[in-house]
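A.B. asks: With the hints as constraints, model all of the structure from the sequences given.
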Amino acid sequence: MAMEPLAYNEVHTRPSLEERLESIISGAALMADSSCTRDERRERTVAECNAVRQALKDLLSEYMSNMGNKDKSEKLAGAIDNMGRKTRDLRRQLRKAVVDHVSDSFLETNVPLLVLIKAAQNGNEKEVEEYAVVFTEHSNKLVEVANLVCSMSNNEDGVKMVRYAAAQIENLCPELYSIKILAARPRSKVAQENMDAFKQLWENQVRILTEAVDEFADKYQIEEPKVRKQNIILVNVEKEYIERENDEIEKCLGEQNCSL
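Residue numbers for the sequence shown follow the numbering used here, beginning at 1 and rising by one.
Hints listed in this document are in silico derivations from the structure and should not be mistaken for laboratory results. Please read all numbers here as calculations on a predicted model, not as lab measurements. Heads up, some of the hints might be wrong.
Said to hold, decoys possible - Subject to a maximum C-alpha distance of 25 angstroms in a straight line, what follows is the list of computed DSS-like cross-link-like pairs (lysine-lysine): (1) LYS141 x LYS96; (2) LYS180 x LYS141; (3) LYS57 x LYS72; (4) LYS199 x LYS126; (5) LYS189 x LYS126; (6) LYS160 x LYS141; (7) LYS160 x LYS96; (8) LYS126 x LYS180; (9) LYS57 x LYS70; (10) LYS180 x LYS118; (11) LYS75 x LYS57.
C.D. replies: Dropping the structure here:
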């Protein structure tokens, strides 16, 4: 958005710069409104959008004050620098948001499917219906995050690979009939084999998608991404430990009651 004062034209330049800004803001708004975006990141993104808007307003004001001048004033040079700085700050927040999404969504991709399969093997059709909803929501989230990653990249080949893998996930998600059949016939060898085939196909596609998304996300990691991912893992491990401790306590209490 830097130009010489003589090149600035209020009629043509202002609308062009404002249009470019709104295009950037629209993309940022989509990211902020995503269900995958953390509240803290959403607030920071909105704040950075407002800062970019204000920076452009100040920049246009300085261009107006310098119209017809051959050289830039110090205030104009400062406004140009500030515009670039605020734009970079917004871009940094968006990249952090992408990394957050990847860390949150691709950490334990197989859990919803394994829970669904377990219910089917037990012949619990009611639980299968309930977990199928969770599985579908998780699948949709994977696809949504993959598309967000693509929106931050100019690598056409990489984008095609991610979008193709995401499309395969979308196509597989509705095909849960093999699991539902297994729930209705848990002792059927054919039903078990069909379910195994679906599981293998699903895990292969998720692996391809995860590898493709990870390759993109690695380029966007700004501040100690490994630490953030480790923190998420630690939270999950702590949660699992607490749940296991509670199970042991309940088991001990049950044994004591039985002995009484």
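A.B. asks: With a cut-off of 25 angstroms on the C-alpha distance, tell me whether LYS160 and LYS96 pass.
C.D. replies: 22 angstroms, holds
A.B. asks: Is the hinted pair LYS160 and LYS141 satisfied, with a Cα-Cα distance of at most 25 angstroms?
C.D. replies: 19 angstroms, holds
A.B. asks: Keeping to a limit of 25 angstroms between CA atoms, is the pair of LYS180 and LYS118 held or broken?
C.D. replies: 12 angstroms, holds
A.B. asks: Is it true that the CA of LYS141 sits at most 25 angstroms from the CA of LYS96?
C.D. replies: 17 angstroms, holds
A.B. asks: Does LYS57 lie within 25 angstroms of LYS75 when you go C-alpha to C-alpha?
C.D. replies: 13 angstroms, holds
A.B. asks: Regarding the pair LYS180 and LYS141, is the alpha-carbon distance no greater than 25 angstroms?
C.D. replies: 22 angstroms, holds
A.B. asks: Between LYS57 and LYS70, does the CA-CA distance stay at or below 25 angstroms?
C.D. replies: This hinted pair holds, its Cα atoms lying about 22 angstroms apart.
A.B. asks: Are LYS126 and LYS180 close enough, with their CA atoms no more than 25 angstroms apart?
C.D. replies: OK: LYS126 and LYS180 at ~10 angstroms, within 25 angstroms.
A.B. asks: Between LYS199 and LYS126, does the CA-CA distance stay at or below 25 angstroms?
C.D. replies: 20 angstroms, holds
A.B. asks: Decide if the proposed pair is consistent with the structure: LYS57 and LYS72, CA atoms, cutoff 25 angstroms inclusive.
C.D. replies: 17 angstroms, holds
A.B. asks: For LYS189 and LYS126, compute the direct alpha-carbon distance and say whether it is at most 25 angstroms.
C.D. replies: 21 angstroms, holds
The structure fails none of the hints (numbered hints given earlier).
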